[in-house]
Each structure stands twice: as C-alpha cells, then as structure tokens.
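Based on the hints, put chain W in the right spot on chain D.
One line per chain: the protein sequences are D and W, in this order.
So in our numbering, spot 311 of the first sequence is number 316, and the numbers just go up one at a time.
So in our numbering, spot 102 of the second sequence is number 296, and the numbers just go up one at a time.
Hints listed in this document are in silico derivations from the structure and should not be mistaken for laboratory results.
Worth double-checking, as some hints may not be accurate.
Computed footprint of chain W on chain D; a stretch qualifies when at least three of its residues, placed anywhere within it, have a C-beta under 8 Å from a C-beta of chain W [said to hold, decoys possible]: (1) 378-386; (2) 389-402; (3) 407-414.
Using N, Cα and C, we set each Cβ at its ideal position, and we do this for glycine too.
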Amino acid sequence: MDVEGEVPAAAAAAVMNGLGGAEEASAAPVSAEQLDVEAYAAQYSGRTRLARLLFIADRCGVEAMQLEALRMAYDEIKRGEDVQLHRDVAAKIGGRLGPRFGLDQAWVDTVTRRADQRKEKLENELNGYRTNLIKESIRMGYNDIGDFFYVHGQLSDAFKSYIRTRDYCTTSKHIVQMCMNVILVSIELGQYAHVSNYVSKAEQTPDSLDPIIVAKLKAAAGLANLETKKYKLAARKFVETGIELGNNYSEVIAPQDVAVYGALCALASFDRSDLKSKVIDNINFRNFLELVPEVRELVNDFYASRYGSCLGHLEKLKPNLLLDIHLHEHVETLYMDIRHKAIIQYTLPFISVDLNTMATAFKTSVTMLEKELAALITENKIQARIDSHNKILYARHADQRNATFQRVLQTGNDFERDVKSMLLRANLLKHDYIQKTSGSRKM
Amino acid sequence: MESLEALVAHIQGLSGSPEEVAHLHSLLKQADGDSLRAHAAALVPFLAYLSPETHSLGYLYLLEACATSGSNLSEFGGGDFLVTIAGFLTACSADQIRLAPDKFLNVCRVLKDQVMQLNMPIRGIAPLRAAVRKIQSSPEQLTPVHADYLLLCLLAKQYMAGLSILEDDIFEVDQPKDLFLYCYYGGMIYIGLKKFPKALELLHNAVTAPMSMLNAIAVEAYKKYVLVSLIVNGQVPSFPKYTSVSAQRSMKNHAQIYVELSTSYSNGRYTDLETFVQANSATFQSDNNLGLVKQVLSSMYKRNIQRLTQTYLTLSLEDIARSVQLETPRDAEMHVLRMIEDGEIHATINQKDGMVSFHEDPEQYKSVEMVEHIDSSIQRLTALSKKLASIDENMSCDPAYLMKTGRDRGRFDGRFDYDDYDSVPHKFF
Numbered sequence: 006m007d008v009e010g011e012v013p014a015a016a017a018a019a020v021m022n023g024l025g026g027a028e029e030a031s032a033a034p035v036s037a038e039q040l041d042v043e044a045y046a047a048q049y050s051g052r053t054r055l056a057r058l059l060f061i062a063d064r065c066g067v068e069a070m071q072l073e074a075l076r077m078a079y080d081e082i083k084r085g086e087d088v089q090l091h092r093d094v095a096a097k098i099g100g101r102l103g104p105r106f107g108l109d110q111a112w113v114d115t116v117t118r119r120a121d122q123r124k125e126k127l128e129n130e131l132n133g134y135r136t137n138l139i140k141e142s143i144r145m146g147y148n149d150i151g152d153f154f155y156v157h158g159q160l161s162d163a164f165k166s167y168i169r170t171r172d173y174c175t176t177s178k179h180i181v182q183m184c185m186n187v188i189l190v191s192i193e194l195g196q197y198a199h200v201s202n203y204v205s206k207a208e209q210t211p212d213s214l215d216p217i218i219v220a221k222l223k224a225a226a227g228l229a230n231l232e233t234k235k236y237k238l239a240a241r242k243f244v245e246t247g248i249e250l251g252n253n254y255s256e257v258i259a260p261q262d263v264a265v266y267g268a269l270c271a272l273a274s275f276d277r278s279d280l281k282s283k284v285i286d287n288i289n290f291r292n293f294l295e296l297v298p299e300v301r302e303l304v305n306d307f308y309a310s311r312y313g314s315c316l317g318h319l320e321k322l323k324p325n326l327l328l329d330i331h332l333h334e335h336v337e338t339l340y341m342d343i344r345h346k347a348i349i350q351y352t353l354p355f356i357s358v359d360l361n362t363m364a365t366a367f368k369t370s371v372t373m374l375e376k377e378l379a380a381l382i383t384e385n386k387i388q389a390r391i392d393s394h395n396k397i398l399y400a401r402h403a404d405q406r407n408a409t410f411q412r413v414l415q416t417g418n419d420f421e422r423d424v425k426s427m428l429l430r431a432n433l434l435k436h437d438y439i440q441k442t443s444g445s446r447k448m
Numbered sequence: 195m196e197s198l199e200a201l202v203a204h205i206q207g208l209s210g211s212p213e214e215v216a217h218l219h220s221l222l223k224q225a226d227g228d229s230l231r232a233h234a235a236a237l238v239p240f241l242a243y244l245s246p247e248t249h250s251l252g253y254l255y256l257l258e259a260c261a262t263s264g265s266n267l268s269e270f271g272g273g274d275f276l277v278t279i280a281g282f283l284t285a286c287s288a289d290q291i292r293l294a295p296d297k298f299l300n301v302c303r304v305l306k307d308q309v310m311q312l313n314m315p316i317r318g319i320a321p322l323r324a325a326v327r328k329i330q331s332s333p334e335q336l337t338p339v340h341a342d343y344l345l346l347c348l349l350a351k352q353y354m355a356g357l358s359i360l361e362d363d364i365f366e367v368d369q370p371k372d373l374f375l376y377c378y379y380g381g382m383i384y385i386g387l388k389k390f391p392k393a394l395e396l397l398h399n400a401v402t403a404p405m406s407m408l409n410a411i412a413v414e415a416y417k418k419y420v421l422v423s424l425i426v427n428g429q430v431p432s433f434p435k436y437t438s439v440s441a442q443r444s445m446k447n448h449a450q451i452y453v454e455l456s457t458s459y460s461n462g463r464y465t466d467l468e469t470f471v472q473a474n475s476a477t478f479q480s481d482n483n484l485g486l487v488k489q490v491l492s493s494m495y496k497r498n499i500q501r502l503t504q505t506y507l508t509l510s511l512e513d514i515a516r517s518v519q520l521e522t523p524r525d526a527e528m529h530v531l532r533m534i535e536d537g538e539i540h541a542t543i544n545q546k547d548g549m550v551s552f553h554e555d556p557e558q559y560k561s562v563e564m565v566e567h568i569d570s571s572i573q574r575l576t577a578l579s580k581k582l583a584s585i586d587e588n589m590s591c592d593p594a595y596l597m598k599t600g601r602d603r604g605r606f607d608g609r610f611d612y613d614d615y616d617s618v619p620h621k622f623f
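Same shape as in the complex, but just chain D:
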C-alpha cells in the first residue's frame, strides 16, 4: 500500500503540535488569517450571526480580525433591538473603532421605551384573548410574546412563552411551528436535551412534513448530538440531512457546517463500511461536501489511506474550526479519535510493521509513535505487540483455545467460591432464624 510522504513543513510542525496533547483551546489564542470574517458571517442570519461574531472576536488573537468582527456585530445589533448585547459589544470595542462605535445611550433609551410599550400592548392583547378563550388567538398571542422576548435577547422568557403555546396547538402545523421555535431558543441557550426532545416531537406529527422542515430537524438533531458528545449519532443525523436545507436554516446552521461537522464526526466514529456507504457514496451528502472541497479531500484521503495528507488537511482546518461556536470544544477529541482510527487502520492489514516507515507516514517521531501505539494496545484497540529493540510492530492474535481454557478454569473457580460462600451465608441466616423461633441458644 502506497503511503504519501510529502506534506508541507508547516503541516508537519502543526502535526507535532497537535500530537503534543489536548491543549485547552480556550487558553491559546488561535491564529486564523484564512478566515474571512465577512464571508463567514454572511452565511448566517439572526442571533446566531451575532453569537458567532462575538465568539470570533473573543477567540481569535488577531486584533484586526477582532475589530472587524466587533464592527460587524455592532452594525448588526443596531439593526435589531437587543439592548444588552449592544452594551456588551460597546464595552468590548472600548472606543478602538472611533466615536461612531461607542455606547449609543439615546438609541438604547429609544429602544427600551419602544420595547416596554410593545410588551404592554402584547400582554394586554393576550389577557384579552385569554378571557375570550379563543384558542387560536391565545396561541398566536403567546407566539408573538415569545418572538418579542427573543428579539430582545430575553431567551428564557421566550422559551417559556413558546412552551406555553403547546396547550393551544390544534393542527400539526402549529405543533411543528412551536417545536421549531423551541429548538431555536434551546440551541442558543445551550439546552440540547430540549432540542432532542422537541425534534422527536416534531418528527412524530401525523402529517407528512415539508422536506425543508425535515432537513432542518435533522440538522438540529445532529447539532444536539454533537454538543452532547454523541458523535456517531451526530454523524448519522448530519449525513441524513437533505440538501433541501440549503440556506433556509441560516439562523442556526449553514450547509457548509453540516458538511464539516458531519464529515468530522463520521471520520471519528464510523467504521470503514459505514464511511463508504453513508458518506462517500451518499449522493445527498456529496452535495454538501461540494461546498467544502477541503473536507471532501480529507475524507477521500482517509478512505484511501493517504494518512499524511489527510492529517495535513485536518491541521489546516483546525484554526478555523476552533472559532466555531459549536465545534470548538470537540475539535481536540475528534482529531484525536480520527488520528487513532488512522493508526489502527494502518496497522490492520499487516503482520509486521516497521515503526520507522509508519512514523514517516504519520509525520511523527518513532518514540512518540511508540507511546501512542502502547496506549492503543493497552486499550485493546490494536491486537499487536511492540518489539522495542528492533522497532517493529508484530500483529498478534490471541490464541482462542488457550484463552477458552483459562476462562473455563477461572469460571469454575469463581462458581465454586461463590456457591460455597452462599451456602455458608444461607446457613448463617437459617441459624439466626432458628434462634429467633426457638428462643434458645444452641451450643
């Protein structure tokens, strides 16, 4: 099997760094010159755009990019009505962008006043509807209040309002609408248990759903699984997401994200056959992968065992991925998993592997590789033994016959021991019982 050897030196150095262990992404500032903040933000709309811009501003170490992100966030917020965010962003900018980007108190006051008026109006309307007991109006009333809270950044109140509409939903369309709203707010609040819950609720409605809605639900489910570290389920959901998703869910996730998340989770958790059938041959998912050609290359390299180039691609993508609000905490784990899978897959077909060639294929030193292999062997993921003297890895298959004999003898001993102590205990209890009934002490 041919193993590619040439990978740029930067990637090699990056691989060494990545090997050094899971650095806490939050501690290290990330250099990400490649990320075009404007283009990135253009993929999203609504609150998630703001959240992402702020996240980038916090995490990236480059002042220019940070200011760019903050500037865009400021403009965006001015278009909306969230006063608290405005204050936060103004504080973060700290006057660096000039007087136009400072705390605009007048705007704050206007917006707050307008908000209070609107809130009062909505609440009055709702009370009116409630006394009239017209289900549909009550539902719409709660919905409007929920939307209002959402726009103003009061997410938990929005959540509560949306939940309240549940009692007044009459058609499945209503239910779906409610679920979608709740899912949106839950994702922002970070309560992914609710997301999964409501996704399944929405999927259970008796009417058949619009394919866009189906795609949205799958993407949301995938996201929830990703954040709760269930990578295999996340991968499944992502690859099942229909291409109809397009840009329709830009308030949560962009199709490029679906591709990236899906591919990474799949690489980290699927076995080879699943990878081939669900990812590489999947026409649907292929559409997503076309949006991110680097990831497509990555997956193909992994499948074709070009590990050096695959790991190189991964390292190139890493800085940008660390700026993604959903993925950043999982980047290290996923990368580690993918790397381990690559190593395991490499050693699988051989009886013996020379550690030197393997080290060059994986762009690492022999000692580091030996340590990694030892760890994998101890976890029983590779069936092999290391000949440290000659630096060779020998495959070793357990002798089933001997193992069976050992196990049998061991089971026999355990059975004997357990039954004996059980009979003893039974006897003790019996004597206790006899003492209680007879009232006299024997011997």
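Chain W in isolation, oriented as in the chain D frame:
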C-alpha cells in the same frame, strides 16, 4: 449425692454399651454441679483409674469439674494436668463426648488458656486438632474449637498445621461469632503462607457475612481484605449486594485509611503510594498490618511490569525502569528476575543488549496433568451443584417458606419447577 468412689465405680461399670452410657449420662448429670467441683482436688487421683477411651464420658465430667473449678491448676501437678487433658483429647471416644458437648468445649477452652498462659502455644496444637475432629458431627461443621486451634497455630507460627483444618469447607455454623474468628484467623494463616487468593476468600466471607450490627472482628477482617485484594487483583471490589446493610454503611468509616490507600494505589504512581505509606506507618503498625502494606507496595511494581508484558515483545531495561518508575535499570533487572523466578511472568533477559524479551505463557493445556486437573474440577463442581440442588429442594419443602409464599394455591405446580438449574447463586440472596 453419691460419693466419689461410687461415682467412679458407676463410670467404670456403665461404659459398655450405648444404653448403659445413656444411663450413666443421667447419673452424671445428677451428680454434676458445684459439689463436684468442690471436690476437685480429690478428683485427680481418681482420673488415674479411668481410661480415656472407654470411659470418655465420665472422664469428661470429672475432668471438666477439675478444670473449671477455678483453683489454680498448677496445684494438680502443674504441667502434668496439661498432659492429662491433652491425652484425653487425643484419646477420647467421639460418640461418648458428643453427649456432653458443652463440657467438652469448656475443657478445650481451658487447655487453650493454659497453653497461652504458659506461652507455649505449640503444645496445644496436636490435642486441639484431635478435638476438632472428634466433636465435629460432619467435616463441614464449624465449632468454637476451630477458632482456638487456628489462634494457637498462628501464635506458634505453625501455618501448615492450620492448613489441614482450613482445607475443609465449612457449611454449617452454629454461632456466628465462631465464623468471624475462624475466617479472620484462617485468612491470616493463608497470608502467612502467601496463598493470597484463598485468604481473600475467607476474608470475603467474614466481611459479607450477615450481621445485624458491625463487629470489631469484621472491621479488622475488612482492613486485611482491602490489602489482600490490592495484592491479588490490584483493586478493591465494591460490596456485593448480599453484604449486610450495617456493613455497607459503616465499614469504610472504621477503615478510612485503608480506603485512601486503595485509591492511591489505583492511581498507579509508586512514589505517591510510598509517601502515603511512610506518612501513615504508625497506624498500619498499630493494626499489625505494616508487613502486609509493604507487600502491597511491591505488588504495584509487579502489576506494572505485568502490564508491560501485554504490550511489548521486547523492551529495554531503561524503558522498563522508566515506565514502572524505578530508579535504575539494575533495579528493573532485579525485579524482572525475581518475577521470572516466581513464575509470575515469562521472559528472558538479554544482558548484553540490556533487553528483556517477553514470551507467551507456555501452558498449552494439552498435558495429562492439566486434563486430570480439569476432570477433578468438573467432578468437584458437579458435587457442589448437587448439594445446592438438594438444599434448594429442602428449602422448598420447608413449611415456613411455603407459608410465606403459598398464598395462591393454584400455582402450586409452578413452584416445584426443578428444571432451571442455571440459576445463578446470587438470585437467592
């Protein structure tokens, strides 16, 4: 109250057949009591008239009266009295003494106390071993003499002597207290013989025995249990569900330092463990467990080296020293050498290259000995299974059990279902 001479005459006369012995027994019971003890000093010469084998019952009564009379036994000719008791225990007839078990036990107790007082435990071993055999109604029964016997073996450091008694499995116990002492002392004997798995079994029984309140013996047993299970398994299992509630709740509180030791052990760092032991050596010493704790320390090295055999085919001595946290490759070499000699790992050391090659376990399970071993195991286990089944049957016929579960008469047939013998023992308790 007859005179002593008449009593002795009775004894001599009525020791022939079982009916006579029964008659004698009732006579003796009448004569028994403080009055007999008051004449204790006078009894001793009479003992010479009786023979222990044929007149066991009478001998026993008289002997017991002397022994428990409370007066200083050295009056009776000192060491000779001990010899008398010892002779009696060895020579007496089992059937006769079983008629008066309490007295017999008293005599044994006196012997043990005497021997310990004289600081010569070894003198008590042979008589007590005979006594155990005689008073047991079956080899599976536990008697109070067991505990005393094991105690003497421990004090005299005659572990092999204790082994013969320990090898019998105990299934019947009359007094729970005997069981605790038996398990505790037995565990200590096995530890002395370095048979740690068997020690673990006994100590496990002591810790998980049903008890309504925690007792001190169980706590001491638990401390040793923690140490031995670290040596054998590298970890301490949690309490199984059949452990008594009181034990589960409070056992660990009394043995806090041992629990900390086991957590420190599981972290795998030798230096941490060593410092912990040093810091608490006074406590361990006061529990008389310091030697065992030191063995726990050395077992950590062994465990780490054994883990290496699973991963490597050959490994240099420096690497071994580094991964097991030893000081120098020479230490590593010594440890590996010792383990090879003890048969704990299979390896060869190449001194020229400073390399160790690990081998597979050469046992192929094809030899005649192995087949015999497997065969005998199978037979033993079949016998055990049958025993379990018969106990199950008995219990099913027990009226109390039937009363508790026999609410609905209709399902009578369902209860006597002897077909599923694959029941795991834990289902019972």
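- request: Check, residue by residue, whether the stretch 378-386 of chain D contains three or more positions whose beta-carbon lies closer than 8 Å to a beta-carbon of chain W, and give the verdict.
  value: Contact hint for the stretch 378-386 of chain D vs chain W: holds, 3 residues under 8 Å.
message: Taking 8 Å as the Cβ threshold, is the statement that the stretch 389-402 of chain D is covered by chain W upheld or broken by the three-residue rule?
response: holds (count 7)
task: Would you check chain W against the stretch 407-414 of chain D, counting CB to CB pairs closer than 8 Å, and say if three or more residues qualify?
output: Contact hint for the stretch 407-414 of chain D vs chain W: holds, 4 residues under 8 Å.
Consistency with the previously given hints is maintained throughout, with no hint failing.
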